[in-house]
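Participant: Residues per chain are reported as follows:
Number of protein chains: 2
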Amino acid sequence: MVRIEPKNKRRLLQAALGEVEADLALINCRLVNVFTGEIYPAVVYVTEGFIAHVETEELEGPYAAKEIYDGQGKYLIPGLIDSHMHIESSMMTPRNFARVALPHGTTTIVHDPHELANVYGVEGVRYMHDIAEGLPMRQLVDIPSCVPAVPGCENAGAAFFADEIRELAGLKRVVGLAEVMDFYGVIHGDPRMVEIIRAAEDCGLYLQGHAPALRGRQLSAYLCGGPSTCHETTAADEALGKLRAGMYVDARESSISRNVAAVWEGVRNSHFFDTLTLCSDDRESDDLLHEGHLNAVVRKAVSCGMDPVQAVKCATIHTAREIGVAHIGAVAPGYSADMVLTEDLRSLWADAVFYEGRLVAKCGRLVVEIPERHAKLEERNSVRVPELSEEDFVLRAPEGKTRVKVRVMEYISKDGSRTRCIEEELPVEDGRICLGEEMAFVSVVNRYGRGTRSVGIVKNFGLRDGAIASTVSHDSHNLTIVYFHPQDALAAARELAEKGGGMTAVKDGKVLYTLRLEVGGLMTCLQAEELAQVAAQMKETERSLGLTVPSNPLLRIVSLALPVIPEVKMSDLGLVSVAEQKILPVFVEE
Amino acid sequence: MVRIEPKNKRRLLQAALGEVEADLALINCRLVNVFTGEIYPAVVYVTEGFIAHVETEELEGPYAAKEIYDGQGKYLIPGLIDSHMHIESSMMTPRNFARVALPHGTTTIVHDPHELANVYGVEGVRYMHDIAEGLPMRQLVDIPSCVPAVPGCENAGAAFFADEIRELAGLKRVVGLAEVMDFYGVIHGDPRMVEIIRAAEDCGLYLQGHAPALRGRQLSAYLCGGPSTCHETTAADEALGKLRAGMYVDARESSISRNVAAVWEGVRNSHFFDTLTLCSDDRESDDLLHEGHLNAVVRKAVSCGMDPVQAVKCATIHTAREIGVAHIGAVAPGYSADMVLTEDLRSLWADAVFYEGRLVAKCGRLVVEIPERHAKLEERNSVRVPELSEEDFVLRAPEGKTRVKVRVMEYISKDGSRTRCIEEELPVEDGRICLGEEMAFVSVVNRYGRGTRSVGIVKNFGLRDGAIASTVSHDSHNLTIVYFHPQDALAAARELAEKGGGMTAVKDGKVLYTLRLEVGGLMTCLQAEELAQVAAQMKETERSLGLTVPSNPLLRIVSLALPVIPEVKMSDLGLVSVAEQKILPVFVEE
Numbered sequence: 006m007v008r009i010e011p012k013n014k015r016r017l018l019q020a021a022l023g024e025v026e027a028d029l030a031l032i033n034c035r036l037v038n039v040f041t042g043e044i045y046p047a048v049v050y051v052t053e054g055f056i057a058h059v060e061t062e063e064l065e066g067p068y069a070a071k072e073i074y075d076g077q078g079k080y081l082i083p084g085l086i087d088s089h090m091h092i093e094s095s096m097m098t099p100r101n102f103a104r105v106a107l108p109h110g111t112t113t114i115v116h117d118p119h120e121l122a123n124v125y126g127v128e129g130v131r132y133m134h135d136i137a138e139g140l141p142m143r144q145l146v147d148i149p150s151c152v153p154a155v156p157g158c159e160n161a162g163a164a165f166f167a168d169e170i171r172e173l174a175g176l177k178r179v180v181g182l183a184e185v186m187d188f189y190g191v192i193h194g195d196p197r198m199v200e201i202i203r204a205a206e207d208c209g210l211y212l213q214g215h216a217p218a219l220r221g222r223q224l225s226a227y228l229c230g231g232p233s234t235c236h237e238t239t240a241a242d243e244a245l246g247k248l249r250a251g252m253y254v255d256a257r258e259s260s261i262s263r264n265v266a267a268v269w270e271g272v273r274n275s276h277f278f279d280t281l282t283l284c285s286d287d288r289e290s291d292d293l294l295h296e297g298h299l300n301a302v303v304r305k306a307v308s309c310g311m312d313p314v315q316a317v318k319c320a321t322i323h324t325a326r327e328i329g330v331a332h333i334g335a336v337a338p339g340y341s342a343d344m345v346l347t348e349d350l351r352s353l354w355a356d357a358v359f360y361e362g363r364l365v366a367k368c369g370r371l372v373v374e375i376p377e378r379h380a381k382l383e384e385r386n387s388v389r390v391p392e393l394s395e396e397d398f399v400l401r402a403p404e405g406k407t408r409v410k411v412r413v414m415e416y417i418s419k420d421g422s423r424t425r426c427i428e429e430e431l432p433v434e435d436g437r438i439c440l441g442e443e444m445a446f447v448s449v450v451n452r453y454g455r456g457t458r459s460v461g462i463v464k465n466f467g468l469r470d471g472a473i474a475s476t477v478s479h480d481s482h483n484l485t486i487v488y489f490h491p492q493d494a495l496a497a498a499r500e501l502a503e504k505g506g507g508m509t510a511v512k513d514g515k516v517l518y519t520l521r522l523e524v525g526g527l528m529t530c531l532q533a534e535e536l537a538q539v540a541a542q543m544k545e546t547e548r549s550l551g552l553t554v555p556s557n558p559l560l561r562i563v564s565l566a567l568p569v570i571p572e573v574k575m576s577d578l579g580l581v582s583v584a585e586q587k588i589l590p591v592f593v594e595e
Numbered sequence: 006m007v008r009i010e011p012k013n014k015r016r017l018l019q020a021a022l023g024e025v026e027a028d029l030a031l032i033n034c035r036l037v038n039v040f041t042g043e044i045y046p047a048v049v050y051v052t053e054g055f056i057a058h059v060e061t062e063e064l065e066g067p068y069a070a071k072e073i074y075d076g077q078g079k080y081l082i083p084g085l086i087d088s089h090m091h092i093e094s095s096m097m098t099p100r101n102f103a104r105v106a107l108p109h110g111t112t113t114i115v116h117d118p119h120e121l122a123n124v125y126g127v128e129g130v131r132y133m134h135d136i137a138e139g140l141p142m143r144q145l146v147d148i149p150s151c152v153p154a155v156p157g158c159e160n161a162g163a164a165f166f167a168d169e170i171r172e173l174a175g176l177k178r179v180v181g182l183a184e185v186m187d188f189y190g191v192i193h194g195d196p197r198m199v200e201i202i203r204a205a206e207d208c209g210l211y212l213q214g215h216a217p218a219l220r221g222r223q224l225s226a227y228l229c230g231g232p233s234t235c236h237e238t239t240a241a242d243e244a245l246g247k248l249r250a251g252m253y254v255d256a257r258e259s260s261i262s263r264n265v266a267a268v269w270e271g272v273r274n275s276h277f278f279d280t281l282t283l284c285s286d287d288r289e290s291d292d293l294l295h296e297g298h299l300n301a302v303v304r305k306a307v308s309c310g311m312d313p314v315q316a317v318k319c320a321t322i323h324t325a326r327e328i329g330v331a332h333i334g335a336v337a338p339g340y341s342a343d344m345v346l347t348e349d350l351r352s353l354w355a356d357a358v359f360y361e362g363r364l365v366a367k368c369g370r371l372v373v374e375i376p377e378r379h380a381k382l383e384e385r386n387s388v389r390v391p392e393l394s395e396e397d398f399v400l401r402a403p404e405g406k407t408r409v410k411v412r413v414m415e416y417i418s419k420d421g422s423r424t425r426c427i428e429e430e431l432p433v434e435d436g437r438i439c440l441g442e443e444m445a446f447v448s449v450v451n452r453y454g455r456g457t458r459s460v461g462i463v464k465n466f467g468l469r470d471g472a473i474a475s476t477v478s479h480d481s482h483n484l485t486i487v488y489f490h491p492q493d494a495l496a497a498a499r500e501l502a503e504k505g506g507g508m509t510a511v512k513d514g515k516v517l518y519t520l521r522l523e524v525g526g527l528m529t530c531l532q533a534e535e536l537a538q539v540a541a542q543m544k545e546t547e548r549s550l551g552l553t554v555p556s557n558p559l560l561r562i563v564s565l566a567l568p569v570i571p572e573v574k575m576s577d578l579g580l581v582s583v584a585e586q587k588i589l590p591v592f593v594e595e
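Protein sequences, first through last, are from chains A and B.
Under my numbering, read the first sequence as residues 6 to 595, first letter to last.
Under my numbering, read the second sequence as residues 6 to 595, first letter to last.
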């Protein structure tokens, strides 16, 4: 149970009563009241990191406070709360993420360390939780519910059952069970899922859902099963259906999926938005630096026609209620003094950001020192692959064949992750399969010491030359390589094994460029500015190999091994049929 | 932690999916959606007492359900939830209260067994909780926080500290800590109050407040101290101040205090009402029978200008959120199937009431059998007073005086409970004080075997003749008697001691009429219809003794000993100065 409370409550009470000086008086601001929707001049008294009193009458002082901050007539809103996100998606560590998100006015995030959990299990979740200690940002944690995403079709670095949930629920900033993706498991009462949900409920956690495209009876069943929120809504009618069913709709605007417009289109005629919140899900460093974090999501909602005060409300108190945490999400007595001053409620650039009553950012820049803090886990090389040779990346035809029918994973479009399974007859040379048009080889190598690996063929992936590889490969994050020549695959694998993970591009057996992600093969210790530069260089290199997908080329490979997106995906165990949840042989037997 | 969940979740999921027949299909209704504020035609499928699915498209059937209920085009709203009330105020037992409130559409109450706690302590709370087992109404319990109301100035039947709170928090329908009345204790950090609040927070309970007339810095301090709700709001500006401060405002319309109009006047221009709820607090049998229960409060709010859908929302899902209980307060998948059909959203007479999917009332009549259930405690005589004589009710002057100056408790008006302390010089005859104009004697006799009692004088109480007495006497419920002649007082005391409590009227040493309240001296085992008749007779008898106060005459005496209402009150320890929290001598020393 997360309790937001002052260390010295007695002093807070005395400051509220005016018996002692407050620590801070924030004067000359226009308070946006998320309870009444009003905007009015106010003086906010802060003590012990909490709001002691909001004065609406005696605005001219004198102010019984040690420090005065002049709001210069700007709007004062509560610190923004992101209802669902993954820090790992920023490729930054939790502390560096805070450095870049705080200046945008985000003071609380509800994050799901799902990626690192797949790499390091309970230890990974503990790291993500513990490393945030002492940050001037509230990083609340939802415990990953589906590790691995599809048991039996892939080997991740860990597997979570009810026991892991119970263990992690004891951590002090844990609030929920994270996105329950195993929708089939929930609605059909799969014992493992039922037990995980039961454990979470017993521990008093809220159940975050994950219900893409769910409607009608399936949506009803999912809600009856327990989860009460969803950030995967992409269509207007879907949004209205979920709102009507009492589901929290966490409207998402990530670097990849931009759904706020569609959600708003669906719900704009609703009279109430109590269960509408905003979230960023996955945001990369470049977007975080230049577009913003949750303030960018609010801005998007407002640009779609949502009332700015309503949008702020959705991004603050609604989320606090959704996750069941009291005393955050409003500028009111007894609430944590997390506040943002902004000149314009529509663009929502943060002029000043306060966390627990302390000024932490001004004009888009951090103004507090965030002390370095490191853990042993950051130094560990998570990429544990066996000794590999070129031969390991050769797709050999069955003995004696000159042509062979192969199951190929074909991307449906240049964007997106959906594929279909096609069968193609391909020629064989020296026992090796020869690629057809628009094809490349793909290999997924287990990187958790299991020794499992697979080789197959992908079509319309987009790569034209060389090889690219990544240890960011949802959700198991095995080493995933797309290539034409085994020597390039080997070079890529060796490079990432040596560097402890990341993304690399190879040509003619030589590494062209590597984006090193040494923390669990998912995150770098670089800060946002440096990371953005390195990432830009990596993108450029991938584009130079012909990977000219419309969106971020780095993201093309990261969902290649995600066996929850139809129709087929590659895992370290082979070609996975998503609907059947089983492994298909690469060669079609005749 | 209160969990609202089906016994057989698997079956609920299957019914949601349409894989098995639902238990019930409620067809042909206009659903009032409290999430979106929309009203639209729907079919509601119920299984295992929960809503499995709400169909908005295939309305014409066929319906995969064992039973069909035709809503005849009426509005379907969630079962009403009363955010704060005392069952004892109805003078009925919890089961009989359910019998009369259910037909009005109240399916959940949050009640505070404060009165019986003052009589029987932990055992009293357990009785109120346990006796509700198996009722077709959800009687959630808040644990009384202030037993006794004013420690040191009165002897109640029990005293609660943090340990009692922790013990009672383990009961399965306990959700909160009840109205924290000791406002001074909260804002000044009184150790007992701090520990009680801490215990409640540790047990995950919400903190129900009690903050009459609180504004500005005192309100801020109270909120910083923990409590987050208030049902004592009586003025418009007070209501707005509380809503702005993030406090839940539980607008009250009781038999005694009618505050909905004032609250609405204050908040009507607010854009949001997320933290506005409705409550009945204290309703007597007559009102329950003829005016209604929470539906009467909704009706009042609507008559004041509140949108009917908003009012229904305030009386359902808002309260569920306030008390932190999921899956009640809406007609949506996964919610308890507590529902009301009504022809008119403005008057809100309940045409049909469903509790956990079962039809429990129709056209204002209960249609289910509520099995009798009794506890030993109901048979116990709680009135433990010493052997009394006429002399015990004589107010004797100090030796040798012929005139003496006396502190008199004077009522300010014929209505209400406020008094002031005046000093009057009165003649003495045979050593006895003689009453002046508009005066009567008052005696409060401890009825918990403590042997303490007091005699004093009250002015402007309203009685003209005989004596009246009551064991309903907030909050300690000691035996309280107003009289002119000691023989009448003695007769009244003996009558109530023999009957196990209640209210009685005496003249010329003879009992005129007694309303017997044998359960803890507070409640009868009679049902509402009989009780209303008996109570009417009792009122009539009191009026015949000259007690012609504008409101219910039975309520005149019940706050005479309530030492939280200024300026003075009588307790079993003597005349209490409410502001100073100390006992004042009856005779002024000169």
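By construction, these hints were calculated from the structure, which means they are not laboratory data.
Do not take every clue at face value.
No copy labels: a pair is met if it fits in one copy or bridges any two.
Derived EDC-like pairs (lysine to aspartate or glutamate); straight-line CA-CA distance at most 20 Å [as the list claims (entries may be wrong)]: (1) LYS410 <-> GLU10; (2) LYS512 <-> GLU428; (3) LYS177 <-> GLU206; (4) LYS177 <-> GLU500; (5) LYS14 <-> GLU430; (6) LYS177 <-> ASP207.
Participant: It remains to establish, for every hint, whether it holds in the given structure.
Facilitator: Against the structure, the hints:
no. : hint              : result
1   : LYS410 <-> GLU10  : neither (65 Å within a copy, 53 Å between copies)
2   : LYS512 <-> GLU428 : neither (29 Å within a copy, 104 Å between copies)
3   : LYS177 <-> GLU206 : both (16 Å within a copy, 15 Å between copies)
4   : LYS177 <-> GLU500 : neither (38 Å within a copy, 59 Å between copies)
5   : LYS14 <-> GLU430  : neither (74 Å within a copy, 49 Å between copies)
6   : LYS177 <-> ASP207 : both (16 Å within a copy, 14 Å between copies)
Hints 1, 2, 4, 5, counting from the list given before, are not met by this structure.
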